[in-house]
Amino acid sequence: MPPSRSSRSSLQSVDLRALDYLTTPSANLLCPICHSPLITPVQTRCLHTFCSACLSLSLDRSLTCPIDRQPLSHDEVTPAPIMIANLVNDLPVLCPNHELGCGESCARWLVESHVREDCGYAVVKCVKEGCSGVVERREADAGCLHGEIECEYCNDAVRLADLESHLRECPKVSSECPHCLQSLPNSELVDHIPECPEAIVDCQASCYGCSHTSPRLEIGAHETNCHFVALTPVLQFHAERISTLELENKAIRQKLDLLVPPRPLATPAAAASTTAQPNQVNAASSSSSIVTTTGRDMTSEMQDYTFHLYSEYEQLRSDVERLNAQIRELDVKQDMARINEGLRYNDEMTGMRAAIDGLRMQLHWLLANRREVGSTGSPAAAGTTGRSVAGTASAGDARRMSVDSARQVVKL
Amino acid sequence: MAAVKRITKELKEFNEKPAPGISAGPVSEEDLFKWNVILTAPASSPYAGGAFTLRLELPMEYPFKPPTLSFTTKIYHPNVSNDEKGSMCLGILRSESWKPSCKISQVLEMAAGLLNEPNVDDAVETGIADEYKNNYDQFAKTAREWTRKYAK
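The listed protein sequences derive, respectively, from chains A and B. For the record, in the first sequence the residue sitting at position 392 is 392 according to full-length UniProt numbering, with numbers rising by one throughout. For the record, in the second sequence the residue sitting at position 35 is 35 according to full-length UniProt numbering, with numbers rising by one throughout.
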């Protein structure tokens with residue numbers, strides 16, 4: 001690379017969103033908002049990933065996650081894992097100047113430096129000091145082309161960069177007519193060529209088969225005698241009729257295709273062979289099903305088709321009936337299962353209720369006992385232990401009784 | 001502009017993988033924000049055989065604001081207002097439930113789904129919704145009649 005090239009960096013900026021990707025990126029790497037591969041990916045509190053710019057646009061309008069609508073603020077957005085950023089930055093892209101002719105493709109993270117420093121089609125400042133023009137980098141080394149010079153033929157001021165195309169069109173430059181070799185200025189040549197008497201032209205009936213060609217001067221003499229020219233009006237009329245018929249035919253075919261789905265057409269070769277050898281019945285029998293398109297065959301084909309549709313319909317109907325029966329069976333089964341479940345739950349519920357009743361009775365008894373002990377037990381406890389032992393024993397009896405009664409309830 | 005880019009992408013995607021029974025595209029190449037849609041009603045619905053044209057309008061703020069969808073063909077349906085606007089009420093098109101990640105193709109598929117199974121709990125035409133719930137045969141009869149009259 002010549003040093004003069006690298007010293008001028010391009011003014012062109014790269015819009016990463018407009019890049020064309022070489023491969024179709026995985027749908028997981030696309031931003032749900034702009035549907036392009038993520039650019040500077042960020043992650044929300046609810047772990048969804050977006051382009052940084054897209055998400056901040058969305059948050060400006062509504063402070064919710066664009067995917068699950070959970071509340072979300074700007075502070076709850078963090079850069080996405082570096083791996084995601086690497087995955088999208090490594091995607092291969094075409095140079096943004098590929099339409100101008102640059103065939104370069106590279107990883108996305110390299111494309112900006114490619115345009116800034118390498119791409120021959122990127123726009124750079126003109127090499128000349130003080131010139132404000134811009135030029136594609138591949139042409140920059142040819143020097144400044146923005147100065148104007150005078151065209152030597154028409155005396156107009158022409159930019160150096162445009163000189164080549166100007167000379168081709170300059171009205172004062174003379175060129176030779178390719179037919180009569182006369183030298184004429186460009187402005188007149190344009191009108192001259194279609195009229196040049198020396199130019200070789202076709203007979204006007206050439207489209208109907210006349211192969212005669214001669215210089216324009218002599219064609220008139222030929223055309224007065226040409227049979228094709230005499231027939232032209234008739235031929236033209238037929239050509240027009242054929243084209244209208246073709247159009248009509250096309251429309252009819254479209255309608256037919258709507259009614260009957262397209263089927264493999266008989267190939268012309270197969271049709272020709274069967275019509276050429278009508279006596280070879282055996283050979284033709286294999287291809288007879290796909291042969292001609294005569295009216296009789298059409299109707300029988302239609303009948304076949306209707307019959308086919310009808311049988312398919314019948315089949316579908318029986319399918320539906322079968323499915324219906326199955327569904328009904330399943331329904332019954334499920335009902336039974338539900339009823340059984342319900343019974344079981346009922347039983348369990350009564351058991352639970354009884355147990356709770358028992359517990360409640362025990363609690364009542366315990367509370368009553370505690371109250372009794374609280375009022376009478378404290379002085380007595382200080383006196384004799386025997387009494388307290390008797391008290392516990394009687395308490396034990398009472399508990400047993402209450403448990404028994406609870407059991408009875410459970411049994412009930 | 002972000003909206004244009006995203007719409008172009010969606011259009012390309014839709015053209016590559018069109019949904020059955022739905023054809024859609026912008027009215028003109030210059031204005032990508034207005035789409036014409038044609039829904040072909042499923043054979044199992046009372047609208048069978050009908051082709052309904054709709055107008056999809058995308059706001060300039062798309063995809064941050066929801067598109068609007070309206071029927072230009074008259075239709076007897078609980079979720080489509082029975083006036084010259086023919087606006088369709090579709091849950092995801094309300095601005096409070098719209099998400100920027102929703103796609104045009106999803107919206108159109110949901111609209112096509114409503115032809116098959118109206119959402120009576122979220123109806124604009126409550127009269128039609130009541131009829132659908134309580135007197136389905138009468139509903140289906142009127143729907144078929146309207147389809148024959150307007151959508152053929």
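No wet-lab data here; the hints were simulated from the structure. It should be emphasised that the depicted structure is a prediction, and the values quoted were computed from it without experimental measurement. Quick reminder that beta carbons are idealized off the backbone N, C-alpha and C, glycines included. It cannot be assumed that every hint is accurate.
What the hints assert, rightly or not - Far from chain A by the CB rule (all over 12 Å, computed), these chain B residues:
(1) T8
(2) E13
(3) S23
(4) P42
(5) T72
(6) G86
(7) E109
(8) T126
(9) N134
What the hints assert, rightly or not - With a cut-off of at most 30 Å between alpha-carbon atoms, the simulated DSS-like pairs for lysine-lysine come out as follows:
(10) A/K255 / B/K152
(11) B/K65 / B/K34
(12) B/K65 / A/K250
(13) B/K133 / A/K255
(14) B/K65 / A/K333
(15) B/K17 / B/K133
(16) A/K250 / B/K152
(17) B/K149 / B/K85
(18) B/K103 / A/K255
(19) A/K255 / B/K149
(20) A/K255 / B/K65
(21) B/K85 / B/K141
What the hints assert, rightly or not - Some, not all, of what chain A presents toward chain B, calculated at C-beta under 8 Å:
(22) L16
(23) L57
(24) R61
(25) P66
(26) I67
(27) P71
(28) S73
(29) S311
(30) Y313
(31) R317
(32) R370
Here is what the structure says about each hint:
| no. | hint | result |
| --- | --- | --- |
| 1 | T8 | violated (10 Å) |
| 2 | E13 | violated (8 Å) |
| 3 | S23 | holds (15 Å) |
| 4 | P42 | holds (15 Å) |
| 5 | T72 | holds (24 Å) |
| 6 | G86 | holds (28 Å) |
| 7 | E109 | holds (17 Å) |
| 8 | T126 | holds (28 Å) |
| 9 | N134 | holds (24 Å) |
| 10 | A/K255 / B/K152 | holds (16 Å) |
| 11 | B/K65 / B/K34 | holds (15 Å) |
| 12 | B/K65 / A/K250 | violated (45 Å) |
| 13 | B/K133 / A/K255 | violated (40 Å) |
| 14 | B/K65 / A/K333 | violated (49 Å) |
| 15 | B/K17 / B/K133 | violated (35 Å) |
| 16 | A/K250 / B/K152 | holds (23 Å) |
| 17 | B/K149 / B/K85 | holds (18 Å) |
| 18 | B/K103 / A/K255 | violated (34 Å) |
| 19 | A/K255 / B/K149 | holds (22 Å) |
| 20 | A/K255 / B/K65 | violated (42 Å) |
| 21 | B/K85 / B/K141 | holds (23 Å) |
| 22 | L16 | violated (12 Å) |
| 23 | L57 | holds (7 Å) |
| 24 | R61 | holds (5 Å) |
| 25 | P66 | holds (4 Å) |
| 26 | I67 | holds (5 Å) |
| 27 | P71 | violated (13 Å) |
| 28 | S73 | violated (17 Å) |
| 29 | S311 | violated (19 Å) |
| 30 | Y313 | violated (12 Å) |
| 31 | R317 | violated (14 Å) |
| 32 | R370 | violated (57 Å) |
Hint compliance for this structure: hints 1, 2, 12, 13, 14, 15, 18, 20, 22, 27, 28, 29, 30, 31 and 32 are broken, all remaining hints hold.
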